[in-house]
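There are 6 protein chains.
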Amino acid sequence: MSRTHILVTNCNTTLAMTDEITAGARVAASPGTTITGLTPSWGVESAEGWLDSYLSAAAVLDALRTYEGAPYDAVVMAGFGEHGREGARELVGVPVVDITEAAAHLACLLGRRYGVVTTLDRARGQIEDSLLTAGVGAHCAAVAGTGLGVLELGDPARVEEAFVAAARKVLAAGAEVLVLGCAGMTGLERAVSARLGVPVVDGVAAAVRLAESLVGLGLGTSRAGGYARPERKGRAWGRPPREAERVHPRVTGPVTHG
Amino acid sequence: MSRTHILVTNCNTTLAMTDEITAGARVAASPGTTITGLTPSWGVESAEGWLDSYLSAAAVLDALRTYEGAPYDAVVMAGFGEHGREGARELVGVPVVDITEAAAHLACLLGRRYGVVTTLDRARGQIEDSLLTAGVGAHCAAVAGTGLGVLELGDPARVEEAFVAAARKVLAAGAEVLVLGCAGMTGLERAVSARLGVPVVDGVAAAVRLAESLVGLGLGTSRAGGYARPERKGRAWGRPPREAERVHPRVTGPVTHG
Amino acid sequence: MSRTHILVTNCNTTLAMTDEITAGARVAASPGTTITGLTPSWGVESAEGWLDSYLSAAAVLDALRTYEGAPYDAVVMAGFGEHGREGARELVGVPVVDITEAAAHLACLLGRRYGVVTTLDRARGQIEDSLLTAGVGAHCAAVAGTGLGVLELGDPARVEEAFVAAARKVLAAGAEVLVLGCAGMTGLERAVSARLGVPVVDGVAAAVRLAESLVGLGLGTSRAGGYARPERKGRAWGRPPREAERVHPRVTGPVTHG
Amino acid sequence: MSRTHILVTNCNTTLAMTDEITAGARVAASPGTTITGLTPSWGVESAEGWLDSYLSAAAVLDALRTYEGAPYDAVVMAGFGEHGREGARELVGVPVVDITEAAAHLACLLGRRYGVVTTLDRARGQIEDSLLTAGVGAHCAAVAGTGLGVLELGDPARVEEAFVAAARKVLAAGAEVLVLGCAGMTGLERAVSARLGVPVVDGVAAAVRLAESLVGLGLGTSRAGGYARPERKGRAWGRPPREAERVHPRVTGPVTHG
Amino acid sequence: MSRTHILVTNCNTTLAMTDEITAGARVAASPGTTITGLTPSWGVESAEGWLDSYLSAAAVLDALRTYEGAPYDAVVMAGFGEHGREGARELVGVPVVDITEAAAHLACLLGRRYGVVTTLDRARGQIEDSLLTAGVGAHCAAVAGTGLGVLELGDPARVEEAFVAAARKVLAAGAEVLVLGCAGMTGLERAVSARLGVPVVDGVAAAVRLAESLVGLGLGTSRAGGYARPERKGRAWGRPPREAERVHPRVTGPVTHG
Amino acid sequence: MSRTHILVTNCNTTLAMTDEITAGARVAASPGTTITGLTPSWGVESAEGWLDSYLSAAAVLDALRTYEGAPYDAVVMAGFGEHGREGARELVGVPVVDITEAAAHLACLLGRRYGVVTTLDRARGQIEDSLLTAGVGAHCAAVAGTGLGVLELGDPARVEEAFVAAARKVLAAGAEVLVLGCAGMTGLERAVSARLGVPVVDGVAAAVRLAESLVGLGLGTSRAGGYARPERKGRAWGRPPREAERVHPRVTGPVTHG
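Just so you know, the protein sequences line up as chains A, B, C, D, E and F, in that order.
Numbering of the first sequence is given in this note's numbering, commencing with residue 5 and proceeding in unit increments.
Numbering of the second sequence is given in this note's numbering, commencing with residue 5 and proceeding in unit increments.
Numbering of the third sequence is given in this note's numbering, commencing with residue 5 and proceeding in unit increments.
Numbering of the fourth sequence is given in this note's numbering, commencing with residue 5 and proceeding in unit increments.
Numbering of the fifth sequence is given in this note's numbering, commencing with residue 5 and proceeding in unit increments.
Numbering of the sixth sequence is given in this note's numbering, commencing with residue 5 and proceeding in unit increments.
Just chain A, with the same shape it has in the complex:
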């Protein structure tokens, strides 16, 4: 039986989060699928906002670029609403599935409208843009935040209550299916689904299965157009080593007009 090896990239540098995500990925994976977690060596402790998201995107791409482990068949990017997926599609030679889009794809098969419940309210904009540019925004009824930060997800009972409260808002807005808008919440989807009586999709689980599907069908990223391979050129990933203390951006000017 052929085996599929999926590399799951955490969007932040918190190893405990990678462990949580890879544990969830393993539970979701088909028999025989191997999961490897990849934690960026730099970037953000947790991604909460646009600045974090862009820093995270570069760090995750750098992690993929410098990865020297066993060959893999697909990449799952486990940052909900975080940037980077298109860059990874250019970079690696295997399919790339982002958990945001993945959850939406499966949710569309389960009901007419879905809603996303995420951590902080500030993430709503990123998630909406991510769904829109992935082509699956049309059936998103609402995105709601729980008010909890990514690193406050430790207390399961509190998280569940906050999730259920936010979920009721998106159901009232017309959602028939819920999406867990944060990686690393293994098990929460079952509890919420049981309480609210609607299916709850976890992005990591969805992405693992979609990645397996693409691999199983021999489908890869199109190189015709947007996701052509990166051009050859000079790139520096982070500040130059050794001189780090005194490296600054170069300032030209100021020069006044007129």
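It is possible that some hints are incorrect.
Stated by the list, open to error - Residues on chain B that point at chain A, a partial pick, calculated with CB under 7 Å:
id	residue
1	Asp77
2	Val101
3	His109
4	Cys112
5	Leu114
6	Gly115
7	Arg116
8	Gly139
9	His143
10	Ala177
11	Pro203
12	Ser217
13	Thr225
14	Ser226
15	Gly229
Stated by the list, open to error - Per the computed footprint, the stretches of chain E lying under chain D, defined by three or more beta-carbons under 8 Å from a beta-carbon of chain D, are:
id	segment
16	28–39
17	50–58
18	107–114
To be verified - In silico lysine-lysine, BS3-like type, Cα no more than 25 Å apart, as pairs:
id	chain 1	residue 1	chain 2	residue 2
19	D	Lys173	B	Lys173
20	B	Lys173	F	Lys173
21	F	Lys173	D	Lys173
22	A	Lys173	E	Lys237
23	A	Lys173	C	Lys237
24	E	Lys173	C	Lys173
Think of the hints as simulated: they come from the structure by calculation, not from any bench.
Glycine included, C-beta positions come from ideal geometry on N, C-alpha and C.
Using the hints, position chains B, C, D, E and F against chain A.
Same frame as chain A, but now just chains B, C, D, E and F:
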């Protein structure tokens, strides 16, 4: 190892087509997945147009309703652009995946825009509406017909040429990924992909993998809203037996106003 | 004076409903227009949900196909939010107007946004999709259900109260015009309009007038593209007679992969 | 038999155009409908462009405001793509139908996509905006100009050729139904329809029938929201009489900042 | 230093309003920019509704057409949600900026979604259409009215309270930035911004700066397509002088069909 | 006279490009505005594709974060179609204007539809997404590439020819205004505008003027919602110094399911 049993419904009554489709489904399926083909006992020889599509939808729903075979874990509806998926979601207690939406979902993961190549041009409208109402129409660059009817798909070389010609149109319209807009074309996707250098998604294969994914993750159709179980009531699936020769719709009137 | 003969198809098999609908159609028709009601000989007692809608579509198309009464000039399809209109456009040689789209077309002429009040909440999705695919969804502010089933519409006072309550919701959502989202409610539009001070459009009435308009102007369905005449082929409308007790869908398999 | 009196407003001051339009309106009207043409006493000889359109809108509204003829039951505004319909809806106590939207409403009933053939290319933007704000833009495949000015429509053969050429463009863009995008072309729709084999909708004819429909059903403009009756206040329709030679807009300033 | 001269057109005939607007424009302008206010010699005391808007559009265009003051470099049209901007673009040889679109353009740079607070609720439709046709409607979360008429804006405290109340509604709908949807409210934006803690954009100020920007960059209206210069033809701006008391629109008919 | 200091960030590390961009910015700036160019100390030589764009975004944000020069009043981000603007909005206390959105904002004021001419075709997707998420995508008729890389822009005659060729494509698609879709092309807009007779907007120039406008009006980024200030947390901008040779992403696993 748990086994998944997928019921694949042909949208027409042509058994050879069912065989073709189930053969394709088996090739696409994961190890251990069992495929059963279901051919409606009435309906259309081939579905080409709106009338056929609605007749097909009722016939397929009747086939699902009266199926007495082994229990199944998911339904794949193998009529590209044909109606019925929402009715099946109400009817059966397991996930339902239509090949039209399935192909689009996977295509969105492989490129920024996809295009559909189908049989007759008249099918374009149905396919566009099907993608739109499934929530995945936003990234469809174009739908083009080959001019070949469903039952003219026998000559592989001619089909491939016609497909490649139509595919070039949708690529020119911005597609980066192709979708085969017809069931029962096993193998064509590889030939077209090799010639044009872009990924080609077959709907049956995509749907089988998505169905497996939903089953594997324990996800089912939401009953909150649009896909609640059918109401209990009298339904007659086709004209009353025994009196068939003389059964007509009941005409009331004509009565003129004023 | 030339006379126009309109065939009004009920979407269900309940004759009392056909009578109600044709009575409403006659009140709405221009002087000299003749209305004939057509009740399918099979299908659903009442259409409430997607399964019902697809069964209804096939049954109504079969009724049109086998109709042997006086020639008619146009068809009005009297199932609000139900499927089938595009198939009827292919099938018959005269204009076809569906009451869902008809109500929306007239409503757009009376205010900037309209809202639909229908029976069960579960019908909302079908109505939204029907308006969207008819090209008149853009100005729909909201669709709201009364919670009453199609066959519970007998008690006028209760129906009126339920309607007014749901109507207030769609007005709050921005609607300036109301659409009655169910056939067979003759007279209700006047009562609701009087109480709420906004125009209320009944789909049957709207469709009869639009059908008369198309006939009067000599306009017919385009055969260029989506609504070409059906292909010649074998079609079976419902289970084969005589052998009805033992006719089952044909099951192929199960066969397991690998 | 009740009679319907429709006031048809020409958007320009050219009486021959009013005659043409009212002749077309009469041909399209139901038996018993009375048509009165209304020509603004000021405004534009022909409306070609945005400036003309806004001047025309004010002049037509003034004509409606100061009309002292027989009471009427509905207004048809016969300027294709011209402004003013919403103002007329506020002003008069009867339904108002604009020929742009009217043609689109009927066209949507005849095919999946329609296209508009108009006079000068410069009118495309106005027509697109008019369809969009009327809520019927979604199914417009394309708007194409013939290159002929409004007052160059005298030579029927030349007009027909120009129309057919432009029509082929919109059909190639996906239109299945054509709309004549200019008032005063009575008869052209039949010639073009015969040559191209697709239905052609004339806006004046469509609007007359829609106006009759609204009147027949007792439906009027909603006053809830956008089309409330105009506020009472001072309004001057054109430059003050008697002092016209030397009336100028009042200039305040110039004053320079800082 | 080059100087920019901006002509600011009031949409109504109330000179006090012009003064208010030009005062606001001067505060907003860059050093060296000269502001001239232009008050139409006819039209509406205040523009509140569609009828007023179309009358205003013609009057403002007439004012621009007959303006005989110092040459100017750009036009700012100071009617929030009022018509006319495209006509002015055709008419004058310099850039034209409407305050509705201007406020939206700047608001998009300050937050992900903006909302508009205007005077009467009836203006909502015009504002929505104006934003939509200007191409900046996508990020408008909501438009809300204060219930105050244009000429009731005299009492600053009452205006501020009404504004804050309506502003809370649009913030609840997702707006992160507010737009003052009425000209002539200089200073209000600072008070509201201070109380609600979000940026508030005044359309006049925004338009003045955008007009300066276009002038400074040497950019002018495109003549390719929609905004070509007006055709040469006869136009009459308002009722003919001298005979004003008895000038009526010309009535043709009534003539009854058949 | 108050002075405005604008920091213009190059998206790549090529100092000659920064010089080109700042020269263009100075030409475009109002008298008295001071321009300082900022070149990231790491990142990409030139940004061409998604990978480059995300790397660039992080590098530019790091440059802004570590900038120690004179205080500035606004940031202009000079990467056409590149990511990062929302992160900069969170990070800095002054307005941020991206050249992509800036060009589109001004272009919308000059014609009904605009088109973008960029360097490589592969940039089209990024530009389309950037315009869409900025809220100004609705009026974009087309984005076309010249086939020239960012660093091949040295030969003015060749660049001009390539630009004109691509420009003709977007004009044929309906654009009335052109946008130069690349930073660092000072002067090209005048040549192209002169040859094609349509306005051509340069993003750097547009952004400088819009930034001045926001500063002049005292408007800043909203903190209510999407662009709240970054959370306090650990962030590492590039690989840890000193140990750079051996720093790798941390790999967890592989572990196989089941």
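Each hint tested on the structure:
1. Asp77: With Cβ-Cβ at 14 Å, over 7 Å, it is violated.
2. Val101: holds (6 Å)
3. His109: holds (4 Å)
4. Cys112: With Cβ-Cβ at 5 Å, under 7 Å, it holds.
5. Leu114: holds (5 Å)
6. Gly115: holds (4 Å)
7. Arg116: It holds, given that the least Cβ distance between B:Arg116 and chain A is near 4 Å, below 7 Å.
8. Gly139: holds (3 Å)
9. His143: Holds: closest Cβ of chain A sits about 3 Å from B:His143, inside 7 Å.
10. Ala177: This interface hint is violated because 12 Å lies over the 7 Å limit.
11. Pro203: Hint on B:Pro203: holds, closest Cβ of chain A at ~5 Å, below 7 Å.
12. Ser217: Since chain A brings a Cβ to about 4 Å from B:Ser217, closer than 7 Å, the hint holds.
13. Thr225: holds (6 Å)
14. Ser226: Since the shortest Cβ distance to chain A is 4 Å, the answer is holds.
15. Gly229: holds (4 Å)
16. 28–39: It holds, with 9 qualifying residues against the three required.
17. 50–58: holds (count 8)
18. 107–114: Since three or more residues must qualify, the claim that chain D covers the segment 107–114 of chain E is violated, with 0 doing so at under 8 Å.
19. D:Lys173 with B:Lys173: holds (17 Å)
20. B:Lys173 with F:Lys173: holds (17 Å)
21. F:Lys173 with D:Lys173: holds (18 Å)
22. A:Lys173 with E:Lys237: This hinted pair is violated, its Cα atoms lying about 59 Å apart.
23. A:Lys173 with C:Lys237: violated (51 Å)
24. E:Lys173 with C:Lys173: Distance of about 18 Å is within 25 Å: holds.
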